[in-house]
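Chemist: Whenever a hint applies, use it, and build me the whole structure from the sequences.
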Amino acid sequence: MSRASLLVLADGRFPAGGHAHSGGAEAAVKAGRVTGAASLEDFCRGRLHTAGRVSASLSAAAVLGVEPVELDAAADARTPSPALRVTARKLGRQLMRAARATWPSEELDDLARQFPKGAHQPVVLGLAARAAGLGALDAAYCAAYESVSGPASATVRLLSLDPFDATRALARLAPELDRVADQAVEAARRAVDEGVDALPAASAPLLEISAEVHAAWGVRLFAS
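Position 108 of the sequence shown, counted from 1, bears residue number 413 in the numbering used here, the numbering being contiguous throughout.
Among the clues, some could well be false.
Said to hold, decoys possible - 16 Å max Cα-Cα, derived EDC-like pairs, lysine to aspartate or glutamate:
hint, residue 1, residue 2
1, K335, E517
2, K395, D381
3, K422, D381
Since the hints were derived computationally from the structure, they do not count as laboratory data. Quantities reported herein were computed from a predicted structural model and do not represent experimental measurements.
Modeler: Structure follows, in structure tokens:
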């Protein structure tokens with residue numbers, strides 16, 4: 306296993322399409338819920354323990370060999386917002402293109418055939434990590450980190466926030482990210498024996514509602 310592959314997969318420059326998405330930060334900024342570094346940290350903490358934990362567990366379960374079709378259905382069930390489901394599949398499709406070009410894999414090819422319009426991004430991420438020779442914890446870390454790094458990067462652009470302040474906010478979340486990744490792997494291991502219902506279903510209703518509002522905007526900087 307090459308841990309360098311984790312750096313490639315988690316790199317914001319990996320062409321997986323995440324740069325076009327704010328993870329809900331754009332709507333939160335407009336609503337006045339994110340106004341600076343402190344509120345950005347609070348926003349990212351909320352995402353980490355809800356959407357981030359769910360995504361991390363789905364990705365870890367994919368690495369451990371849980372059936373991807375079942376995981377995709379579980380991701381759908383844990384995403385009430387139609388706008389977020391569409392976004393997750395768009396990101397999954399883009400990640401699939403990048404992953405298949407980087408780490409050719411029959412499993413990725415099979416998933417692409419099963420979901421021509423895109424599987425949920427965390428499921429694709431898990432199979433990409435597996436194709437790269439990474440473990441469940443690696444995939445969980447990658448998913449959890451993505452759940453906060455995307456909004457942080459977007460907020461720098463939305464508020465002209467000092468990048469140093471945004472990075473400091475992410476660093477302060479590091480111990481919690483560790484815990485979320487460990488919890489995700491523990492849940493994924495249970496899912497191997499008990500099925501996908503063992504995976505967390507933490508919800509963030511305001512994120513779901515904001516996503517629907519954001520999707521209706523006529524002008525926006527980010528796709529989601």
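Chemist: Each of the hints needs a verdict: does it hold here or not?
Modeler: Outcome of the hint check:
About 14 Å separates the Cα atoms of K335 and E517, which keeps this hinted pair within 16 Å; it holds. Only pairs whose Cα atoms come within 16 Å are accepted, and K395 paired with D381 is accepted, the gap being roughly 13 Å. Proximity of K422 to D381 is assessed by CA-CA distance (about 14 Å); at most 16 Å being required, the pair is judged to hold.
Violated hints for the displayed structure: none, as all numbered hints are satisfied.
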